[in-house]
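Asks: Given the sequences, and given the hints that come with them, work out the whole structure.
Chains A and B are the protein sequences, given in the same order.
All residue numbers for the first sequence refer to UniProt numbering, where the first residue is 1 and numbers rise by one.
All residue numbers for the second sequence refer to UniProt numbering, where the first residue is 1 and numbers rise by one.
Keep in mind the hints are simulated off the structure, nothing from the lab.
Computed from a prediction, not measured in an experiment: that's the story for all the values here.
Glycine is no exception: its CB is placed at the ideal position from the N, C-alpha and C atoms.
Check the hints yourself; a few may be wrong.
With a straight-line cut-off of 35 Å between C-alpha atoms, the simulated DSBU-like cross-links for lysine-lysine are [as the list claims (entries may be wrong)]: (1) B/Lys192 x A/Lys397; (2) B/Lys398 x A/Lys397; (3) B/Lys337 x B/Lys66; (4) A/Lys192 x B/Lys38; (5) A/Lys192 x B/Lys66; (6) A/Lys152 x B/Lys398; (7) A/Lys254 x B/Lys254; (8) A/Lys75 x B/Lys192; (9) B/Lys223 x A/Lys398; (10) B/Lys184 x A/Lys38; (11) B/Lys130 x A/Lys221; (12) A/Lys121 x B/Lys130; (13) A/Lys66 x B/Lys152; (14) B/Lys121 x A/Lys130; (15) B/Lys152 x A/Lys254; (16) A/Lys152 x B/Lys78; (17) A/Lys78 x B/Lys184; (18) B/Lys130 x A/Lys152; (19) A/Lys78 x B/Lys223; (20) B/Lys379 x B/Lys397; (21) A/Lys254 x B/Lys121; (22) A/Lys121 x B/Lys254; (23) A/Lys223 x B/Lys38; (24) A/Lys192 x B/Lys397; (25) B/Lys130 x A/Lys223; (26) A/Lys66 x B/Lys184; (27) A/Lys152 x B/Lys38.
Label pairs and their calculated CB-CB ranges [unchecked claim]: (28) A/Asp358 x B/Ser94: 33 to 41 Å; (29) B/Thr237 x A/Ala28: 57 to 65 Å; (30) A/Asn39 x B/Lys24: 58 to 66 Å; (31) A/Asp153 x B/Arg268: 21 to 29 Å; (32) B/Glu247 x A/Asn85: 55 to 63 Å; (33) B/Glu149 x A/Pro206: 30 to 38 Å; (34) A/Tyr314 x B/Lys152: 35 to 43 Å; (35) B/Lys152 x A/Asp358: 35 to 43 Å; (36) B/Glu149 x A/Glu226: 26 to 34 Å; (37) A/Ala97 x B/Lys152: 23 to 31 Å; (38) B/Lys244 x A/Pro238: 29 to 37 Å.
Protein chains: 2
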Amino acid sequence: MKRPTILVLGAGYGGLSTVVKLQKTIGADDVDIVLINKNDYHYESTWLHEAAAGTMSPESVRYDIKSVIDNNKVKFVKAEVTEINIQEKVVTSSAGAHTYDYLVISLGFEGETFGITGLDKYAFSIANVKAARQIREHIEYQFATWSLEEEKDDSRLTIIVGGAGFTGIEFLGELGNRVPELCKEFDVPAEKVRVICVEAAPMVLPGFDPELVEYAVKQLKAKGIEFSIGTPVVEATPEGVNIKKGEDEFEFIKAGTVVWAAGVRGNRLIEQTGIENMRARVKVDKDLRAPGHSDVFIVGDCALMINEAVNRPYPPTAQIAMQQGDVCANNIIALIKGNPTTEFVPDLKGSIASLGDDDAIGTAFGKKFTGKKASFMKKMVDNRALYMIGGAGLAIKKGKFNLLK
Amino acid sequence: MKRPTILVLGAGYGGLSTVVKLQKTIGADDVDIVLINKNDYHYESTWLHEAAAGTMSPESVRYDIKSVIDNNKVKFVKAEVTEINIQEKVVTSSAGAHTYDYLVISLGFEGETFGITGLDKYAFSIANVKAARQIREHIEYQFATWSLEEEKDDSRLTIIVGGAGFTGIEFLGELGNRVPELCKEFDVPAEKVRVICVEAAPMVLPGFDPELVEYAVKQLKAKGIEFSIGTPVVEATPEGVNIKKGEDEFEFIKAGTVVWAAGVRGNRLIEQTGIENMRARVKVDKDLRAPGHSDVFIVGDCALMINEAVNRPYPPTAQIAMQQGDVCANNIIALIKGNPTTEFVPDLKGSIASLGDDDAIGTAFGKKFTGKKASFMKKMVDNRALYMIGGAGLAIKKGKFNLLK
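Replies: Set out below in structure tokens:
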């Protein structure tokens, strides 16, 4: 009997956790494990806002996939997936066709612009390492150009961040620390720079404890960040964004940089599979399989699970993606062995949003934390993700251990 | 009797050398020395190509003017000179009007584009720290964007350097070292990058020993740099440059970055003074005064002196500018004391062109040097300039002492 092939698409938190769990649990002779990823590196998507702001090097947020997989057990293919055909059970990539017995779709998120005119074209999105790198370079180029030009266009120094959710707030925290550095480096007076957060919803960080949100806004404002809340972006142009401030009231904000951090969706390839989805996210069964497809698992940002306690989806976090990877691997092994699968139950350890390198807010163990203590915990969470996937070696090599400064 | 005012315009090699020599030689009660400069820092204009390539930080190529002037003897005014009126003996700057008894014009060079269409608008010029910084950021942004974009525009990775003179060749040397770093940093395959030197004249580095020139070209070619010699740039556009390859033969080279390093001229303010000049350079008297103006000295890149041995102007170098500053200061003191002025005679110690951090060509003590030895000597020359102006402290703080790597 031919041994089964497990095909994993994407080496983000979900995919890589699945592969690591599989290679730990199963023998090389029992299955063929194939991992396909666009790049030969994994990146910490929860750290991308730091690379985008320029407070961390793009190199520091990624590591070689080969360094965490067991090359005797896992075949790694560097290729871009172009089609997923679950009827024929074949995946097409830039490296050719791949058949499978069990498929794990862990292709992560894409930015969602909700059809707002011009955002696709004129706003940056912190979508991956390359996009983050471009944002950093773009901002630096704007500062360098302002400094040089005879007739100064101050709007070059305006950065608009669309969205006051998790990513938006964390990115603002980094910018709050980065802007003074940029001013020094490029001889720009601090008062010329504007960083503005524009949010459609009437609140910052929905779902977070109001007291923590208040702390976050106060801290960010102290760093010079402006907030325009309850004012949707209605259009982006090459010169900036138009925001809606009232029934018939609009304001155009000129800005050299617009970063859209207000929405994510699943990978668009999902929409071509025929599996029922909402913005490319699939409401998976309790054992993480796509409804009606017993050999297709979906984990990470492409999976949608309802938190019945609050009747809202769980947020697309690294924490949940990694836990799903674990359960997904176990369930595939169960299926191969003819055992029943188990339900995925998230183990929510809390949530911490950083506000720059030295500050954060969060809840853990049922308690609220702010400031240096929360920042310390955030870094522990970041290091833990490295440890879970790559062990102590990776955590030491790529971890955030500058904790005492 | 009112003590005389010496007004020095510009804190480049020439101006700063003049001021440093004056403050060393003359008492605080004897004269008023006023130094006007656009920035509160001096920059090593001979190092700008390194900042532009990104092989040296812009911060490393500059230092505070205050750190080398004696604040008891010299009044420093951070302002931009806007007019020089030698008839009324008044200089206007963004800080107001300044009268003088002796004027030293040491305003340095500007880029010269010889009226070639589009160069002013679409080519960068390594004119000062801010311009160098913008070039570095522009190149990095091009690499970051290429790496991210779906449909790759390879011309983003083409860098055209106009001019195979001193600046062009030194800049190419830095790019030769920088490009592999950029490729690594931005995940760009090296073979996608083109660096092309375009020169109108039929030769590289005119005036240099042919054997050394041959060495330089060989070394730069080994780093992947292409040469198009004897092919004038006839037009620059937002997409690249058009070069003339024969009588009726033209070639358009698409390029994301065009850096024009083919010509310098004196500061345009000279042209408004009524002093006879060629491209804002004044053929000064032997004691460095402007012809017919006994109280106006001109030193550095705005001064033109003929090397009678070869019947060509001396090149605009830091070495000559600093020597002129010395003589200029002495001559002003001589005039104040009623003594005769002395002739300026350049003491040419040789000429070394770097080819990146680790290689160079040059002549000194009547001998030719290449490779690491020449590179070592180049760094000694660089350190010497710091020492001459700011003493051992400055040389140690800002010098190039990584000589043994």
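Asks: All the hints need checking, so say for each whether the structure fits it.
Replies: Structure-based check of each hint:
1. B/Lys192 x A/Lys397: Holds, at about 31 Å.
2. B/Lys398 x A/Lys397: Status holds; Cα separation ~33 Å.
3. B/Lys337 x B/Lys66: 28 Å, holds
4. A/Lys192 x B/Lys38: Holds, at roughly 20 Å.
5. A/Lys192 x B/Lys66: 25 Å, holds
6. A/Lys152 x B/Lys398: Holds, at roughly 31 Å.
7. A/Lys254 x B/Lys254: The given pair, whose Cα atoms are some 31 Å apart, holds under the 35 Å limit.
8. A/Lys75 x B/Lys192: 29 Å, holds
9. B/Lys223 x A/Lys398: 32 Å, holds
10. B/Lys184 x A/Lys38: Holds, because 17 Å separates the two Cα atoms, which is no more than 35 Å.
11. B/Lys130 x A/Lys221: Distance ~30 Å between lysine 130 of chain B and lysine 221 of chain A Cα, so the pair holds.
12. A/Lys121 x B/Lys130: 29 Å, holds
13. A/Lys66 x B/Lys152: Measuring from Cα to Cα gives roughly 27 Å; hence the hint holds.
14. B/Lys121 x A/Lys130: 29 Å, holds
15. B/Lys152 x A/Lys254: 29 Å, holds
16. A/Lys152 x B/Lys78: 19 Å, holds
17. A/Lys78 x B/Lys184: 18 Å, holds
18. B/Lys130 x A/Lys152: OK: lysine 130 of chain B and lysine 152 of chain A at ~13 Å, within 35 Å.
19. A/Lys78 x B/Lys223: Holds - the C-alpha atoms of lysine 223 of chain B and lysine 78 of chain A are around 29 Å apart, at most 35 Å.
20. B/Lys379 x B/Lys397: Between lysine 379 of chain B and lysine 397 of chain B the Cα gap is close to 14 Å, so the pair holds against 35 Å.
21. A/Lys254 x B/Lys121: 24 Å, holds
22. A/Lys121 x B/Lys254: 23 Å, holds
23. A/Lys223 x B/Lys38: 30 Å, holds
24. A/Lys192 x B/Lys397: Between lysine 192 of chain A and lysine 397 of chain B the Cα gap is close to 31 Å, so the pair holds against 35 Å.
25. B/Lys130 x A/Lys223: Holds: lysine 130 of chain B and lysine 223 of chain A sit about 26 Å apart, inside 35 Å.
26. A/Lys66 x B/Lys184: At roughly 18 Å apart (the allowed maximum being 35 Å), lysine 184 of chain B and lysine 66 of chain A satisfy the hint.
27. A/Lys152 x B/Lys38: This hinted pair holds, its Cα atoms lying about 16 Å apart.
28. A/Asp358 x B/Ser94: 33 to 41 Å: Distance hint for aspartate 358 of chain A, serine 94 of chain B holds at roughly 39 Å.
29. B/Thr237 x A/Ala28: 57 to 65 Å: 59 Å, holds
30. A/Asn39 x B/Lys24: 58 to 66 Å: Once the Cβ atoms are compared, 60 Å apart, the range 58 to 66 Å for lysine 24 of chain B and asparagine 39 of chain A holds.
31. A/Asp153 x B/Arg268: 21 to 29 Å: 23 Å, holds
32. B/Glu247 x A/Asn85: 55 to 63 Å: The hinted range 55 to 63 Å holds for glutamate 247 of chain B and asparagine 85 of chain A, with Cβ atoms some 60 Å apart.
33. B/Glu149 x A/Pro206: 30 to 38 Å: The hint (30 to 38 Å, Cβ to Cβ) holds, given that glutamate 149 of chain B and proline 206 of chain A are roughly 33 Å apart.
34. A/Tyr314 x B/Lys152: 35 to 43 Å: The hinted range 35 to 43 Å holds for tyrosine 314 of chain A and lysine 152 of chain B, with Cβ atoms some 37 Å apart.
35. B/Lys152 x A/Asp358: 35 to 43 Å: 39 Å, holds
36. B/Glu149 x A/Glu226: 26 to 34 Å: Holds - the Cβ-Cβ distance for glutamate 149 of chain B and glutamate 226 of chain A, about 31 Å, lies within 26 to 34 Å.
37. A/Ala97 x B/Lys152: 23 to 31 Å: Between alanine 97 of chain A and lysine 152 of chain B, where Cβ atoms are some 25 Å apart, the hint holds.
38. B/Lys244 x A/Pro238: 29 to 37 Å: 35 Å, holds
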